[in-house]
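Quick note, the sequences are listed as chains A and B, same order. 27 is the number of the first residue of the first sequence in the working numbering; add one for each residue after it. 332 is the number of the first residue of the second sequence in the working numbering; add one for each residue after it.
Rather than coming from a laboratory, the hints here were simulated on the basis of the structure. Even for Gly, the Cβ is constructed at its ideal location relative to N, Cα and C. A portion of the hints provided could be inaccurate.
Said to hold, decoys possible - One-sided and incomplete, this derived list gives chain B residues near chain A with beta-carbon spacing under 10 Å: (1) PHE444; (2) ILE485; (3) ALA517.
Listed below, chain by chain, are the residues.
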Amino acid sequence: MDSTIALQDLIPLLPILVVTGVAVLVMLLIAVKRSHTVSCAVTICGIAVAFLAALAVLPFAGQQVTPLLVIDNFSLFFTIVVLVTSGFVAVFSFSYLYELSDEVEEFYLLLLIATLGALIMVSSNHFISAFLGLETLSISLYGMIAYPVHCKDAAKFPLEASVKYLVLSAVSSAFILFGIALIYAQTGTLQFADLTMSTDGLDAGGAYYIGCLVLLFSGVAFKLSLAPFHMWTPDVYEGAPLPATTFLATVGKAAMMVLLLRYMVASNALSFEPLVVVIAAVAMLSILAGNVLALVQENLKRILAYSSIAHMGYLLIALIALGDTSTPLGVEAISFYLIAYLVTSLGAFGVATVVSSSEKEYDFVADYQGLFWREPWLALLLTAMLLSLAGIPLTAGFIGKFYVVLAGVEGGLWGLLVVLVAGSGISIYYYLRIVYRMLMQPEPGESYREAGWASMGSYVVLAMLLAALLLLGIYPAFLMSVIQTVAVSI
Amino acid sequence: MILAWLIVILFAGGVIAWLADFVDPKLPRVVALGVLVVDGLLMLTLLNETPFTPAGTTGDWLVYLKADWLPRFDIYFQVGLDGLSLLMILLTAFLGIMAVGAAWNEIKERAGFFYFNLLWTLAGVVGVFIALDLFLFFFFWEVMLIPMYLIIAIWGHENKSYAAMKFFIFTQVSGLLMLIAILALAFNYFLQFGHFSFDYFELHNVELGASVAMLVMLGFFVGFGTKLPTVPLHSWLPDAHSQAPTAGSVILAGVLLKTGAYGLIRFTVPLFPQAAEQFAPFAMTLAAISILYCAKVAFAQTDIKRLIAYTSVSHMGFVTLGVFAWNEQAVQGAVMTMLAHGLSAAALFMLAGGLQHRIHTRDMGDMGGFWARVPRMSIVALFFSIAALGMPGLGNFVGEFLALLGAFQVNIELTVVAAFGLIFASVYSLWVLQKVFQGEFQSQHIEESALVDLTRQEMLFYLAMMAGLVWMGMYPQTFLNLSAMTLGSIL
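Just chain A, with the same shape it has in the complex:
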């Protein structure tokens, strides 16, 4: 294999290179002079440039750049998605960190590096690059979660959350590595696509191959917070500062899901029956555990954590449906559902972010009592986001659910669909409970902090998210056709 890299090979990597460059730039700027505004502005501009770069390299799509990375429509599509999401999180971070009594600039550095990791993950079709991207993302996240640790008046318990995430994430990475090593020992390749052929030679029913795949999948399931590997999720979500939670819940999950999807499609692992059984069991467990445990929570972040467990379970239904069919409907379903989920999560966490600050997070459901009459627009936003999570029409979540159910019907997964219906039924209770709380009479007492100019950007982003949510819910034809073209390229 030719291992030298020509200059034109680098063109498709432009978005990744730009993000790398911006990370270095931000670091240098911090060394010269600390300024929160400048760091944040450079980060956001850098991400915007990377976004434009991703658009510019669209004509070059469909290339394998080195054996490690593939730049096709699918990876570029999710590159754009990851960049936009990261940019939004950066905007939210600004208003949140504005009053932090510690140096704040490095947060953006971590954010950029984490974004870089996510970009590598969505573009990789090789175990080495996948693992590198995953670790880059995770290690930056440890820092982001623990970020306010030196502040006496930090809102939450970042140290506990970070250590919990660090230990469990490291264990799951070890699982993944061990799985990769076993696969490599048997097949001699780490390229996803080559595994298709190599596994044919293996004894398909063998315990060895089951072991490899289950090890690999449990590591992935941890990162996606699928039951029974979900224990860390609510604690980390709750303990981390809101921007870090937002990033973990959106980019962290989406990049892993995209990677899993690419692996499953490329390696054809779903033709392997025992793995499908395992995934189906995990999906059922996730949907039920996530929804049932969310019922008893009083904290918005914890509710969203448990609901994310359930939503990842719904996504697995589409993933399983992929195996049995020749049409790329499963890929489309996962892609659309992820977009809807990103928009919705960003919106929900965003509302919590703009009313909170680094010293006081308003993350209990009770804190939102009467929001409808105090801050009608924020309440409307949060309601729309919650309804989208519940899959009610006029919102993107409904179309996402439509896709997943259609994929499930196509795959004939009736049992899983019944679980989905039951899970959705349960989930309505805890989503509507929040909505109901917002409708109640406000209690006199402390008010949220004064937003001020630092939150202006966040409000603009929230308005965009609401517009996107409604557009995707009412007239998603454009995104549907984009996803359709993108899904073919995988």
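For chain A, the structure is supplied; the task is to place chain B on it using the hints.
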């Protein structure tokens, strides 16, 4: 395009009503009334359209529109209006106006948001009645839920949180089962014809195995049967009706329940004729159980709104019975029952709501001897009670009689059993009249000065509904002709 306008006017009107609240809190109700009157007049103009058969459809349609929406799955913005749909949307607009009337003085807080929700619910309902693309239909089916939830949850009575949640979970879960059924149907179309379709007419061509057809049909039945509702899916209804504000109860009983019945007539039976025929004995048994059981339960209630709610379930049993008998008389009877029950139940809920507004209780144990104090209200109540119990000359009689007549040709035993419902209805109706309007006035429970008679404005609304019921009872041909246009092609 006019069909799209009917919906757009309601959606936009809702937003305007909300915004009007910021100008003057008394303005939203005027806006809502204006929007509904305009929409209603627009619907009336459709009576003059000449029926035609658009390409790709069957049967006669007054107006028809098919526009691109989501080409990826061959989903269209496909709407059509025939006689049945027209009757239903006219009922919707009429009861919408009644609901605004009921809310006129009752809803004082956050009026703008209330009328926003009211109009959006009605927009969803109108959408349901005209949608011919099953995806679009499901879309509207779910759209009406959230505003209705908000109406119950914000302006409802003492136990509103529980009732609103129960209403939402029941309809949402049954709706999801229906979504799976719709998608299964569309996917089978994909397997047979190579592309997706949610087109009502094209989906008639799908050939399903007997067991698959039965399962898919059951998915639809559960969705519609929950909304209708039929025993054993009815338990959300008494809570939702009794806790909702008056206008909410009017819309729930008058219009929302009819979407379930409409779905059975439009989709369940025509799309799966064999499966529906096989299932008919079970459905008709459920209908008979609904009629008798809920009449019995109604008799045991002390809360006047709960009582009326149970009688609604009982009366809707005649609709199920008629639809699954599936001959012209029976389905005509079902349609007439839908219309007449829409008016009579709405009026009864308005009366109960009016009473509660005056004396702040729904407990019949505290009531009695009202006739001497509020004669106008008593006469109105008497009228609508005997309408509901099926007095000849009024609309409900025509509907229930036709439904029983049609069902008799199909299943004599069940029809005989179901007919006892008419007797039960007389028992509980007269019992309520006796309890509330006759007997001793209980001054220890009720402040006499609070009990004022119907105002002239309220009388106007009741008179309109009375006129409707008399029309239906005396000259039902007007309505039968319109629905015959639909039934001719689907039966």
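Verification of the hints:
no.	hint	result
1	PHE444	holds, 8 Å
2	ILE485	holds, 5 Å
3	ALA517	holds, 8 Å
Every hint, counting from the list given before, is met by this structure.
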